[in-house]
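Chains as they are written, first to last, in the working numbering: chain A, 18 to 362; chain B, 18 to 362.
Honestly, I wouldn't trust all of these hints.
If several chains are the same, the list does not tell them apart, and a pair holds so long as it fits within one copy or across any two.
As the list claims (entries may be wrong) - Quick list of in silico lysine-lysine cross-link-like pairs, DSBU-like style, CA-CA up to 35 Å:
id	residue 1	residue 2
1	K104	K276
2	K153	K104
3	K54	K276
4	K58	K104
5	K58	K276
6	K54	K104
If you are wondering where the hints come from, they were derived from the structure by calculation, not from laboratory data.
Protein chains: 2
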Amino acid sequence: MDTVSSKPVVTIRDLAGTLGLSHTTVSRALADHPKIKAETKLRVRALARELGYVPNGSAQSMRGQHGPTIGLIIPDIQNDFYASIAKTVADAAAARGFQLTLSVTEDNPEREMDDLRALIVARAAGIIITPTASPKAQTLELLAGANAVQLVRQDERLPHEAVVIDDYLGVSAATRHLVTYGHRDIAYVGTGTDLSCGRDRLAGFRAVMIEHGLNPDRVALGQPRPEFSHHAVHGLMSGSQRPTALVMGSSSLTIGALKALRSLNLQWPEDVSIVGYGDPVWFELMGSGLTTVRLPVQEMGAYVTSLLLARTELPRVTGGDACPQPSRFAPSLVLRGSARILTAG
Amino acid sequence: MDTVSSKPVVTIRDLAGTLGLSHTTVSRALADHPKIKAETKLRVRALARELGYVPNGSAQSMRGQHGPTIGLIIPDIQNDFYASIAKTVADAAAARGFQLTLSVTEDNPEREMDDLRALIVARAAGIIITPTASPKAQTLELLAGANAVQLVRQDERLPHEAVVIDDYLGVSAATRHLVTYGHRDIAYVGTGTDLSCGRDRLAGFRAVMIEHGLNPDRVALGQPRPEFSHHAVHGLMSGSQRPTALVMGSSSLTIGALKALRSLNLQWPEDVSIVGYGDPVWFELMGSGLTTVRLPVQEMGAYVTSLLLARTELPRVTGGDACPQPSRFAPSLVLRGSARILTAG
DNA sequence: TTGTATGCGTTATCAC
DNA sequence: GTGATAACGCATACAA
Numbered sequence: 018m019d020t021v022s023s024k025p026v027v028t029i030r031d032l033a034g035t036l037g038l039s040h041t042t043v044s045r046a047l048a049d050h051p052k053i054k055a056e057t058k059l060r061v062r063a064l065a066r067e068l069g070y071v072p073n074g075s076a077q078s079m080r081g082q083h084g085p086t087i088g089l090i091i092p093d094i095q096n097d098f099y100a101s102i103a104k105t106v107a108d109a110a111a112a113r114g115f116q117l118t119l120s121v122t123e124d125n126p127e128r129e130m131d132d133l134r135a136l137i138v139a140r141a142a143g144i145i146i147t148p149t150a151s152p153k154a155q156t157l158e159l160l161a162g163a164n165a166v167q168l169v170r171q172d173e174r175l176p177h178e179a180v181v182i183d184d185y186l187g188v189s190a191a192t193r194h195l196v197t198y199g200h201r202d203i204a205y206v207g208t209g210t211d212l213s214c215g216r217d218r219l220a221g222f223r224a225v226m227i228e229h230g231l232n233p234d235r236v237a238l239g240q241p242r243p244e245f246s247h248h249a250v251h252g253l254m255s256g257s258q259r260p261t262a263l264v265m266g267s268s269s270l271t272i273g274a275l276k277a278l279r280s281l282n283l284q285w286p287e288d289v290s291i292v293g294y295g296d297p298v299w300f301e302l303m304g305s306g307l308t309t310v311r312l313p314v315q316e317m318g319a320y321v322t323s324l325l326l327a328r329t330e331l332p333r334v335t336g337g338d339a340c341p342q343p344s345r346f347a348p349s350l351v352l353r354g355s356a357r358i359l360t361a362g
Numbered sequence: 018m019d020t021v022s023s024k025p026v027v028t029i030r031d032l033a034g035t036l037g038l039s040h041t042t043v044s045r046a047l048a049d050h051p052k053i054k055a056e057t058k059l060r061v062r063a064l065a066r067e068l069g070y071v072p073n074g075s076a077q078s079m080r081g082q083h084g085p086t087i088g089l090i091i092p093d094i095q096n097d098f099y100a101s102i103a104k105t106v107a108d109a110a111a112a113r114g115f116q117l118t119l120s121v122t123e124d125n126p127e128r129e130m131d132d133l134r135a136l137i138v139a140r141a142a143g144i145i146i147t148p149t150a151s152p153k154a155q156t157l158e159l160l161a162g163a164n165a166v167q168l169v170r171q172d173e174r175l176p177h178e179a180v181v182i183d184d185y186l187g188v189s190a191a192t193r194h195l196v197t198y199g200h201r202d203i204a205y206v207g208t209g210t211d212l213s214c215g216r217d218r219l220a221g222f223r224a225v226m227i228e229h230g231l232n233p234d235r236v237a238l239g240q241p242r243p244e245f246s247h248h249a250v251h252g253l254m255s256g257s258q259r260p261t262a263l264v265m266g267s268s269s270l271t272i273g274a275l276k277a278l279r280s281l282n283l284q285w286p287e288d289v290s291i292v293g294y295g296d297p298v299w300f301e302l303m304g305s306g307l308t309t310v311r312l313p314v315q316e317m318g319a320y321v322t323s324l325l326l327a328r329t330e331l332p333r334v335t336g337g338d339a340c341p342q343p344s345r346f347a348p349s350l351v352l353r354g355s356a357r358i359l360t361a362g
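Work out the full structure, taking the sequences as your base and the hints as a guide.
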């Protein structure tokens with residue numbers, strides 16, 4: 018009807034005014050306080066609905082210890098792994114009446130710090146973070162005073178518990194599988210060693226190679242982006258001394274590798290065997306199916322969340338300054354069709 | 018050093034106290050107010066850092082019109098399309114100093130309402146929403162008074178602008194492509210018609226079929242989940258009268274369809290041609306590449322965000338009650354190897 | 001250049 | 001059962 022209705026924004030005092038009550042009573046009525054007359058509650062609520070009253074969250078939060086949100090700081094939301102984690106956390110948060118504040122850092126320490134700061138300013142009830150390789154000093158300070166849990170990556174300078182993947186186990190299992198299949202010339206394409214998970218994966222590869230007296234130095238390390246592995250695999254496979262098998266150190270790298278193989282017109286497992294890392298739905302659909310290291314995403318997501326929320330609802334327990342042992346989740350090798358038995362040649 | 022350091026929580030008054038200043042001065046110093054002595058600013062900031070002062074966001078928000086967050090309400094974060102959107106919105110939000118509050122509804126109207134309410138309570142600066150098929154009455158009311166934009170789906174009862182895909186165009190192009198290739202027996206596997214986008218896609222298929230005098234009723238409609246299309250395609254392809262081509266109505270359905278074909282040991286494009294919907298990175302890597310309808314994700318994400326933020330920073334303009342025409346973004350057909358020319362037989 | 005007083009919307013404490 | 005009043009932490013209009 019009216020043309021300019023810029024929502025007058027209703028407060029409990031407004032309700033109190035038009036109802037001839039005090040704002041205290043209105044507040045109590047809305048909160049279903051035991052000793053408010055039933056009829057009063059009804060009247061208050063009726064008007065509240067009619068006028069479209071919505072409580073002001075800021076005002077409410079100002080009184081409590083923390084805000085109604087939990088933060089999730091991850092490097093990439095388009096990555097299947099993190100998207101799954103986000104889903105799990107979103108569900109858990111919603112179930113307990115928390116909001117989910119998402120930060121996508123792209124592994125940029127600046128952004129990590131800015132978004133974290135915003136979370137601290139908002140007095141987030143809890144924070145789940147996959148720290149960048151080199152967080153800024155401020156980030157560490159900010160985090161130290163917060164209720165947080167580390168996910169996937171662990172920065173040793175942080176006092177918080179960490180939920181990580183047993184990367185050593187994952188890559189070593191993949192490598193061992195290929196060795197068992199008779200491969201001797203195996204290359205590893207993985208992420209840099211600035212992060213412990215990159216180091217662990219590399220170590221898993223090298224350990225198994227050395228254990229079998231094979232060359233552990235056929236290795237390409239770089240950023241976890243498809244472009245890098247595309248380039249790396251292209252180089253590896255266009256040389257004269259081609260490896261007969263490839264072990265991948267991340268799902269993004271797996272994508273790039275597959276693209277490279279395709280551009281070189283190389284078939285797998287015929288021309289080269291390959292074991293992926295991670296297990297998005299489509300790995301199963303590729304060719305004869307991609308043999309891969311499956312990460313226990315669901316379990317990890319559920320666990321970090323419960324870990325965080327457990328402490329969220331309790332009086333903050335600052336557990337010593339010692340960096341606690343991380344909870345390691347074991348990946349499993351999914352056997353499909355991308356690794357073949359090498360017949361002596 | 019100390020064992021029990023439960024962070025005393027520092028406020029500007031605390032700073033003011035130990036500095037022998039008034040909290041006003043501290044406030045101004047922190048805000049870099051022009052007429053505060055440079056030296057004072059320095060002292061204040063030094064102490065602030067030392068004591069780990071962090072402003073209280075709730076208190077700050079209480080004074081302004083809205084909180085520092087923008088909300089994104091989507092049905093699924095594991096879906097490539099929405100994950101891309103989330104990325105775009107996260108970037109834009111971070112760039113402008115907003116936080117991103119993510120809600121994953123799973124198309125559950127209850128959850129949609131709860132999460133939306135939380136956003137309203139938090140006085141979110143703006144909201145991007147992909148509404149469920151049947152939002153609750155409350156949801157509509159809550160939304161009506163908010164600064165919001167609809168994405169992908171448009172609920173006609175809502176007064177907000179909508180940014181959608183030209184679904185009719187997408188599916189009709191896919192269908193036409195197959196017809197041009199000589200297919201006459203084409204089936205469409207799509208989403209239900211409770212949403213306009215589902216209706217548009219179906220209409221696109223039927224229109225082209227009818228236009229060419231072909232049977233427009235080879236259709237399977239259901240939930241946008243892989244399980245549904247797996248089942249549907251399995252049925253379609255095990256019957257005696259197999260279609261020679263399949264048009265898919267969503268990316269999840271495309272996944273299920275591919276799984277079904279694999280389980281039936283059917284090759285594409287040899288045994289059946291198929292055109293997907295959406296274009297996650299891996300479509301390109303499947304077999305000879307999946308011919309598909311590419312959605313302009315980047316553009317749409319950038320556009321909704323700019324649309325929302327433009328109004329966020331301006332004085333709220335309530336533009337009439339009439340439901341405005343949606344901005345339609347045209348998809349494009351990506352020709353790869355999953356559709357083949359049918360030689361008369 | 002700095003300080004005083006006030007208000008934002010709620011809830012909690014103490015009356016009555 | 002209900003109502004004054006204070007307090008949460010911050011920013012600003014208004015002095016000084």
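Cross-check of the supplied hints:
Within a single copy, K104 and K276 get their C-alpha atoms as close as 28 Å, and across copies as close as 23 Å, so both meet the 35 Å cut-off. Proximity of K153 to K104 under the C-alpha cut-off of 35 Å is found in both arrangements, the shortest distances being 28 Å within a copy and 23 Å between copies. For the identical chains of this complex, K54 and K276 are neighbours neither inside a copy (70 Å) nor across copies (60 Å), given an alpha-carbon limit of 35 Å. Proximity of K58 and K104 under a CA criterion of 35 Å is satisfied in neither setting, with 37 Å inside one chain copy and 44 Å between copies.
Proximity of K58 and K276 under a CA criterion of 35 Å is satisfied in neither setting, with 64 Å inside one chain copy and 56 Å between copies. In this assembly of identical chains, the alpha carbons of K54 and K104 never lie at most 35 Å apart, being 42 Å within a copy and 50 Å across copies at closest.
Going through the hint list in order, the structure does not satisfy hints 3, 4, 5 and 6.
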